[in-house]
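Going line by line, the protein sequences match chains A and B.
Taking numbering that gives the first Met the number 0, the leading residue of the first sequence gets 0, the next gets one more, and so forth.
Taking numbering that gives the first Met the number 0, the leading residue of the second sequence gets 0, the next gets one more, and so forth.
Calculated directly from the structure, the hints in this document are not laboratory data.
Any given hint could turn out to be false.
Repeated chains share a single entry, so a pair holds when one copy, or any two copies, can fit it.
Claimed, not checked - Calculated lysine-lysine pairs in the BS3-like style (CA-CA distance at most 27 Å, straight line):
id, residue 1, residue 2
1, Lys192, Lys403
2, Lys16, Lys315
3, Lys315, Lys203
4, Lys203, Lys192
5, Lys299, Lys403
6, Lys16, Lys348
7, Lys299, Lys144
8, Lys403, Lys303
9, Lys348, Lys303
10, Lys144, Lys156
11, Lys203, Lys213
12, Lys156, Lys403
13, Lys403, Lys159
14, Lys403, Lys348
15, Lys16, Lys213
16, Lys206, Lys118
17, Lys303, Lys43
18, Lys348, Lys330
19, Lys206, Lys299
Protein chains: 2
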Amino acid sequence: MQLDEVYSGLTVDRPAKLVLVVLDGVGDIAVAAHDNRTPLEAAKTPNLDALARQSAQGMLIPVSYGITPGSGPGHLALFGYDPLQYQVGRGVIEALGLGMELRPGDVAARANFCTLDAKGLVTDRRAGRIPTETCQRLCEMLSAKIKRIGDIEVSIKAGKEHRFVVVFRGDGIEGPLTDADPNTEGLAIPQVKPRHPDNPRQQKMAKVVGEFFKIGLPVLAKERPANGFLMRGIAHQPHMPSFEERYRLRAAAVAVYPMYKGLAQLVGMRKIEGPQTISEQFERYIAEYDNYGFFFIHFKYTDKFGEDGNFQSKVKAIEEFDAALPILLGKRPDVLVITGDHSTPCAVKGHSWHPVPVLLHSAYSGSDGLDRFTERLARTGSLGMFEAKYLIRIMQANARMLDKFGA
Amino acid sequence: MQLDEVYSGLTVDRPAKLVLVVLDGVGDIAVAAHDNRTPLEAAKTPNLDALARQSAQGMLIPVSYGITPGSGPGHLALFGYDPLQYQVGRGVIEALGLGMELRPGDVAARANFCTLDAKGLVTDRRAGRIPTETCQRLCEMLSAKIKRIGDIEVSIKAGKEHRFVVVFRGDGIEGPLTDADPNTEGLAIPQVKPRHPDNPRQQKMAKVVGEFFKIGLPVLAKERPANGFLMRGIAHQPHMPSFEERYRLRAAAVAVYPMYKGLAQLVGMRKIEGPQTISEQFERYIAEYDNYGFFFIHFKYTDKFGEDGNFQSKVKAIEEFDAALPILLGKRPDVLVITGDHSTPCAVKGHSWHPVPVLLHSAYSGSDGLDRFTERLARTGSLGMFEAKYLIRIMQANARMLDKFGA
Numbered sequence: 000m001q002l003d004e005v006y007s008g009l010t011v012d013r014p015a016k017l018v019l020v021v022l023d024g025v026g027d028i029a030v031a032a033h034d035n036r037t038p039l040e041a042a043k044t045p046n047l048d049a050l051a052r053q054s055a056q057g058m059l060i061p062v063s064y065g066i067t068p069g070s071g072p073g074h075l076a077l078f079g080y081d082p083l084q085y086q087v088g089r090g091v092i093e094a095l096g097l098g099m100e101l102r103p104g105d106v107a108a109r110a111n112f113c114t115l116d117a118k119g120l121v122t123d124r125r126a127g128r129i130p131t132e133t134c135q136r137l138c139e140m141l142s143a144k145i146k147r148i149g150d151i152e153v154s155i156k157a158g159k160e161h162r163f164v165v166v167f168r169g170d171g172i173e174g175p176l177t178d179a180d181p182n183t184e185g186l187a188i189p190q191v192k193p194r195h196p197d198n199p200r201q202q203k204m205a206k207v208v209g210e211f212f213k214i215g216l217p218v219l220a221k222e223r224p225a226n227g228f229l230m231r232g233i234a235h236q237p238h239m240p241s242f243e244e245r246y247r248l249r250a251a252a253v254a255v256y257p258m259y260k261g262l263a264q265l266v267g268m269r270k271i272e273g274p275q276t277i278s279e280q281f282e283r284y285i286a287e288y289d290n291y292g293f294f295f296i297h298f299k300y301t302d303k304f305g306e307d308g309n310f311q312s313k314v315k316a317i318e319e320f321d322a323a324l325p326i327l328l329g330k331r332p333d334v335l336v337i338t339g340d341h342s343t344p345c346a347v348k349g350h351s352w353h354p355v356p357v358l359l360h361s362a363y364s365g366s367d368g369l370d371r372f373t374e375r376l377a378r379t380g381s382l383g384m385f386e387a388k389y390l391i392r393i394m395q396a397n398a399r400m401l402d403k404f405g406a
Numbered sequence: 000m001q002l003d004e005v006y007s008g009l010t011v012d013r014p015a016k017l018v019l020v021v022l023d024g025v026g027d028i029a030v031a032a033h034d035n036r037t038p039l040e041a042a043k044t045p046n047l048d049a050l051a052r053q054s055a056q057g058m059l060i061p062v063s064y065g066i067t068p069g070s071g072p073g074h075l076a077l078f079g080y081d082p083l084q085y086q087v088g089r090g091v092i093e094a095l096g097l098g099m100e101l102r103p104g105d106v107a108a109r110a111n112f113c114t115l116d117a118k119g120l121v122t123d124r125r126a127g128r129i130p131t132e133t134c135q136r137l138c139e140m141l142s143a144k145i146k147r148i149g150d151i152e153v154s155i156k157a158g159k160e161h162r163f164v165v166v167f168r169g170d171g172i173e174g175p176l177t178d179a180d181p182n183t184e185g186l187a188i189p190q191v192k193p194r195h196p197d198n199p200r201q202q203k204m205a206k207v208v209g210e211f212f213k214i215g216l217p218v219l220a221k222e223r224p225a226n227g228f229l230m231r232g233i234a235h236q237p238h239m240p241s242f243e244e245r246y247r248l249r250a251a252a253v254a255v256y257p258m259y260k261g262l263a264q265l266v267g268m269r270k271i272e273g274p275q276t277i278s279e280q281f282e283r284y285i286a287e288y289d290n291y292g293f294f295f296i297h298f299k300y301t302d303k304f305g306e307d308g309n310f311q312s313k314v315k316a317i318e319e320f321d322a323a324l325p326i327l328l329g330k331r332p333d334v335l336v337i338t339g340d341h342s343t344p345c346a347v348k349g350h351s352w353h354p355v356p357v358l359l360h361s362a363y364s365g366s367d368g369l370d371r372f373t374e375r376l377a378r379t380g381s382l383g384m385f386e387a388k389y390l391i392r393i394m395q396a397n398a399r400m401l402d403k404f405g406a
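Looking at chain A on its own, in the form it has when it is part of the complex (with noise of 0.2 Å):
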């Protein structure tokens, strides 16, 4: 038995009240040239600190050991969702980054524009990073002459610089496909085919990729540099098993960047628009309290500054947000989780594959008697280490929302 069966046979409705808050990126690692210490032990959070005193703590790994994972499987993690067992397109995350409507069985691909030579070769993949303003000037002229494919519906996004999404909606079609791109320069456009040949859904949808090039090439055959285009990651919206009916839990996300809206709303979480900062956030969550009994919060900017390597722009972000934090406090659910969706550890500008500090306060999480939110305290919490999948369910735990396991 399959222990996501073992979960639902033991849930129970409860009208509960979950809150799940993101810290994006908020995992760090302690690294002499800023005295060993995390941004978050260096950052003065007084209100953390408090909520520290009368919490558990763990660490989550996001995926697997070793594994850095992308905003999607981090996230989905996050959500209870298995990342290895599903898994999104990168044409649906960037579908879902510039903040384009997916519906289930939509077809999402990363493209760019490149240059081709007379004989339709690519020497250059990215056609010079051409300014935003072409790329939207171009995805203009690409969208006024491909509306439709047969009876398939073609949206066109521009991107940042070269980048740029299409999205094909309609009856019969699927990913994921081959990637029309040589991955290198000097050679032609390969052809897009089906990643399993016999499926007839991937063959119609090789068919109107195919066509698209047909079709949208000439459009750009006088511009220069971006002469031509490139497409990735074609793949559609993989099913998923709604959210609401998983955990039995009406669910918001009070997220700022599409991104982040996109991917609860690919599990069925309602976007609530409008907030910009952190404290409108919370206040837009003290607001909702009564209509939803999961929300989950986004905050980005952990992330960003640990991407750029700016440790004290990142210490200064988490300050910001504990600043914000009396507000949450303002209502108290039955559980709060605080953590992140991965590691973006200063030194490493990136994505990392360490695990993510985790904080768990409810009527029943217990205090660890550990005075701050730190990655080294946490490692020392009464939630150990686990995989970031099974957050969600020591979640209904605390909230009561598991029955007991056998008699």
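Following the hints, position chain B against chain A.
Then chain B, alone, in the frame of chain A:
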């Protein structure tokens, strides 16, 4: 999707240097007889202490909870091969321990001389533990008589006391077979049978072993007390994906004892012959630094003195290792790991199931702020407690050899 496939898909080619130092059986337990200190705690290790201050630590579970690994599973796990999936027969391990060169497909059997009565019943399964010299003489007699059986080459090599190994090489054979050993006295030697009766390669192998007994037993008929022999663990060298393909690292083994060279060779590492002391091993590593991406350096004496229950000598072995450590640290690889293949507590006088401390140093390990490398401190470290088979993936991550998973 299998996790191994995920890791393979994420692995990138990169000119990296990874070093795995195995202090065989280093893990121990604190008992009152030794002031509740382990050998790692009792030893004076200034060099290791300095390294510990800049490193991450954790605990390894070699196979699973409560399982005491032999040297084979202990090392295969450190090499990243699931020891439950890749089981190597006792015959193969013994052959490697005697320094016999095995090729993929060779079938090896662990054998020993015994005493038979006039009816052919086993009266002493160890033939009174005959001296090693007698064993050598008897093996030479058998070798002289049995060089081939049909198209199968036969090699025989004496071990200690009553023990020897037989290796069969040729086409169309494989193991495992049942044992030619009644496992108790007063019974006849059973005929070997295929473990899978329908497997024609095992059928052929069973005939070859039957023939070996038919020719071999008369050779010993007049000997006393060793007038017979038994065979166990008859199996072929299993197919193992090569270390180099699996991790994209050209690997070398710097070991003194044949068993560990053999285990490294099973996964395709090159053996570096010559060095006899740990200082010589480290010097040779420095000399070969440019030639390999992965070094496995094996230190035997922590295990040896643990097996003897000799606490003071195990402490001294650790101090001897520490004294040589500055040679190793003459090069700074991307990742340096110091750990054991299992624990060999002095109080157990043998291998044990206890988790094993591990130290990992890299530019991205962070510092756990621990002043020494000991069992007690390692279990508070940032790596947590995990199955040894994942260690190499964490090493690859620290060497930036694993791409991000998902977008």
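These are the hints, each one checked on the structure:
1. Lys192 with Lys403: Close across copies (25 Å), not inside one copy (49 Å); limit 27 Å.
2. Lys16 with Lys315: For Lys16 and Lys315, neither the intra-copy (30 Å) nor the inter-copy (36 Å) Cα distance is at most 27 Å.
3. Lys315 with Lys203: neither (51 Å within a copy, 71 Å between copies)
4. Lys203 with Lys192: within (10 Å within a copy, 47 Å between copies)
5. Lys299 with Lys403: For Lys299 and Lys403, only the inter-copy Cα distance (19 Å) is at most 27 Å; the intra-copy one is 37 Å.
6. Lys16 with Lys348: between (35 Å within a copy, 21 Å between copies)
7. Lys299 with Lys144: neither (37 Å within a copy, 72 Å between copies)
8. Lys403 with Lys303: This pair counts as between: shortest inter-copy Cα distance 17 Å, intra-copy 42 Å.
9. Lys348 with Lys303: within (9 Å within a copy, 44 Å between copies)
10. Lys144 with Lys156: within (14 Å within a copy, 79 Å between copies)
11. Lys203 with Lys213: within (15 Å within a copy, 61 Å between copies)
12. Lys156 with Lys403: For Lys156 and Lys403, only the inter-copy Cα distance (25 Å) is at most 27 Å; the intra-copy one is 49 Å.
13. Lys403 with Lys159: between (51 Å within a copy, 21 Å between copies)
14. Lys403 with Lys348: between (44 Å within a copy, 13 Å between copies)
15. Lys16 with Lys213: Intra 52 Å, inter 47 Å, cutoff 27 Å: neither.
16. Lys206 with Lys118: Within one copy only: 23 Å inside a chain, 66 Å across chains, cut-off 27 Å.
17. Lys303 with Lys43: So Lys303 and Lys43 pass the 27 Å test inside one copy only (19 Å; across, 44 Å).
18. Lys348 with Lys330: between (35 Å within a copy, 25 Å between copies)
19. Lys206 with Lys299: So Lys206 and Lys299 fail the 27 Å test inside a copy (39 Å) and across (62 Å) alike.
The structure fails hints 2, 3, 7, 15, 19 (numbered hints given earlier, in ascending order).
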